[in-house]
Amino acid sequence: MIKTYDFARNNEDIKNKPFCMNWPVVYIIEDGTSVYIGETNNFYNRTNTHSLDDEKKHLKRIHMITKNDFNSSVIADIESFLIRHFDADNQMVVLNKNGGRGNLLYYQKEFYYSKIPSIWERLLKKRLVTHDLVQIENSDLFKYSPYTSLSDDQLAISEMIIDYIKTKEESISIIDGLPGTGKTVLAMYLLKLLSLYDSLTADDIALVVPMSSLRSTLKSVVKTVKGLKASMVIGPADVVKKNYKILIVDEAHRLRRRVNITNYGSFDKVNKNLELDKNEGNELDWIMKSSRHQILFYDENQSVRPSDVIVEDFYKVKELATVYTLESQHRVAAGINYVNYIKNIFTNMQNGIVHFDNYDSLIIDDFSYLVELINNKDKEVGLSRVVSGYSFEWVSKRDKSLSDITLDGISMQWNTTASNWVNSKNALEEVGCIHTVQGYDLNYIGLIIGKDIDYDFELKKFIVDRDQYFDIKGKATIDSEEQLLEYIRNIYITLSTRAIKGIYFYICNDNMKKYMQQYFDTK
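If you're matching positions, the sequence shown starts at 1 in my numbering and goes up one per residue.
Just to be clear, a hint being listed does not mean it is correct.
16 angstroms max Cα-Cα, derived EDC-like pairs, lysine to aspartate or glutamate [said to hold, decoys possible]: (1) Lys241 <-> Asp204; (2) Lys269 <-> Glu280; (3) Lys523 <-> Asp365; (4) Lys97 <-> Asp198; (5) Lys514 <-> Asp467; (6) Lys316 <-> Asp365; (7) Lys501 <-> Asp360; (8) Lys523 <-> Asp360; (9) Lys56 <-> Asp31; (10) Lys269 <-> Asp238; (11) Lys289 <-> Glu380; (12) Lys460 <-> Glu482; (13) Lys97 <-> Glu55; (14) Lys461 <-> Glu429; (15) Lys242 <-> Glu280; (16) Lys473 <-> Asp454; (17) Lys501 <-> Glu380; (18) Lys57 <-> Asp31; (19) Lys192 <-> Asp176; (20) Lys451 <-> Asp360; (21) Lys501 <-> Asp69; (22) Lys318 <-> Asp176; (23) Lys289 <-> Glu300; (24) Lys115 <-> Asp69; (25) Lys109 <-> Asp69; (26) Lys289 <-> Asp313; (27) Lys3 <-> Asp176; (28) Lys461 <-> Glu486; (29) Lys241 <-> Glu275.
By construction, these hints were calculated from the structure, which means they are not laboratory data.
All of these numbers come straight from a predicted model, not from anything done at the bench.
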């Protein structure tokens, strides 16, 4: 039931209606441009309270949502759902300062939660929202919303970090987490939460994102959030332009050092200005020198190029830091066990095949079928893409008429844009590389495992073919085959953990396919 009333103090029309006193309800207050969402057990009293609030008293209408079987836990879940989805709908500015009290466990939760989509359908009919749930939940605004209800470990870590910042002049926090453990979501949450503190201004805090594609995406999200500005999302080179109180660094494993980079002159100039050694100073040092508090989100197994700051440098910082670990899996429907399964497979440590509920995983023999499968999945649920390791030469950069990848008679090009490729108009006709996919969530992935990696059954180990690995900056200066294998392996682990609902492998080398068939069924 959704009932609509004028938003006014001492509204007798509200006071005398069923469910308006001493009953759990969710409410939406709006004027077509701004919206506030809440829950209460006394709708009449809460309406009066909000009508005196300077930030809300200009709102015009209040919509009450309830049923005769609602309870306090149910309305907390609905409130949290609506805050995050209204924010991602991006029709009205959400005035809430947090995402509510979602993620509660209670009796018949699945039953009640299954009813929430019908509430959204009614809000669509009332024209309070403009997008359906599939559109919303595939959007960047939804995936990276600072209104996301945090898991227990995310919430506990955020509270400890905030306490450190409030009580100490300086602090270093490092949050370790495997793919899909919610590092970017927590980074966005902290950016929003810290921006609310009276002692901080928008110029005191920034979110540093090393990869340009993800940085562009997060800028577009941040600019829609009340109290945040797109200028708060910056690249590593921007941190030296002023002194920050707080720097939050997402994907810190992609910060660079002075190896295989494009602009040595600019890099050297920053090192000189910060009085760092020309050859040893790196972007991690820039972060440390340009802020009083550092919050670094890190996964050493997602370092994919020799230009990335080495693990040993992060270990030195960890000795001075408070280190936290995110455990809960928020991306892959199969959970953290699947992520560990992938990691074990690519490190030659997995014993036997494991099948995962709620997750589709297959080796596909025919590339044309894989492409067809991904196209069909995209029609069904959206955000389904073909991606690959760097095992094909990027000839279309020189001649846009040429194909980069030809398999089983099917020809495709690498991604033609580096900015937000997963949402670009031609993405379904292209193949994404690690640099345009890392940090993103997809529904389904078709992953090409190329000729850059193979398996030697006699030696019982992975081998690499340097000549079949075409990331020039990814292999220059690397003399050790073992080190090159580590980067290539990290690429495939990272790509294999991008998908929420399922993954399909196409494997070029026969021995590598035979190895993978020990762990995945073939079609």
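What hints, given by number in increasing order, does this structure fail? 5, 6, 11, 14, 15, 16, 19, 20, 21, 23 and 27
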